[in-house]
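Enquirer: Sequence:
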Amino acid sequence: ADIPLGINFNQVQVFVLLALIAQITGHKPGKAYHKIVNAHIYEDQLELMRDVQLKREPFAAPKLTINPDIKSLKDIETWVTRDDFTVEGYECHEAIAYPFAV
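When the sequence shown is numbered by this note's numbering, its final residue is 102 and no position is left out of the sequence of numbers.
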């Protein structure tokens, strides 16, 4: 897992998928667990990670609202758009310009 540049996007994807599947199946979303097997922070990212990102206080989690008319996987495949999702209370820190390792 690319810790500074990738994992945060993966976490959002899992959270949205969990909420969608819970809604479709009529359950409350539970918890998702992520076991990181191959975590990596590249040498040129280490200083920003240590001196900037790890010193930030996290914000409260935002609230995701999904259109309640979404009731099946077929709905997702056929008519659902990004307008069927809203996010309230999202806050973020200033971007960190991590170098992209190739």
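No lab work stands behind these hints, which were simulated from the structure alone.
One or more of the hints may lead you astray.
Stated by the list, open to error - Here are the simulated lysine-lysine pairs, BS3-like style, with alpha carbons at most 25 angstroms apart:
(1) Lys31 x Lys71
(2) Lys71 x Lys35
(3) Lys55 x Lys71
(4) Lys74 x Lys28
(5) Lys74 x Lys35
(6) Lys55 x Lys28
Enquirer: For each hint, tell me whether it holds in the structure or not.
Expert: Going down the list of hints, with the structure as the test:
Restraint check for Lys31 and Lys71: the C-alpha separation of about 21 angstroms stays at or below 25 angstroms, so the hint holds. Annotation: proposed proximity of Lys71 to Lys35 is violated, straight-line Cα distance about 30 angstroms (limit 25 angstroms). Between Lys55 and Lys71, the direct Cα distance comes to roughly 41 angstroms. Violation of the 25 angstroms bound is thereby established for this hinted pair. Between Lys74 and Lys28 the alpha-carbon distance is near 20 angstroms, which keeps this suggested pair within the 25 angstroms criterion.
The hinted pair formed by Lys74 and Lys35 fails the criterion: a straight-line CA distance of about 30 angstroms is larger than 25 angstroms. Of the supplied pair hints, the one linking Lys55 and Lys28 is violated, its CA atoms being roughly 33 angstroms apart against a limit of 25 angstroms.
Checked against the numbered hints above, the structure breaks hints 2, 3, 5 and 6 and satisfies the rest.
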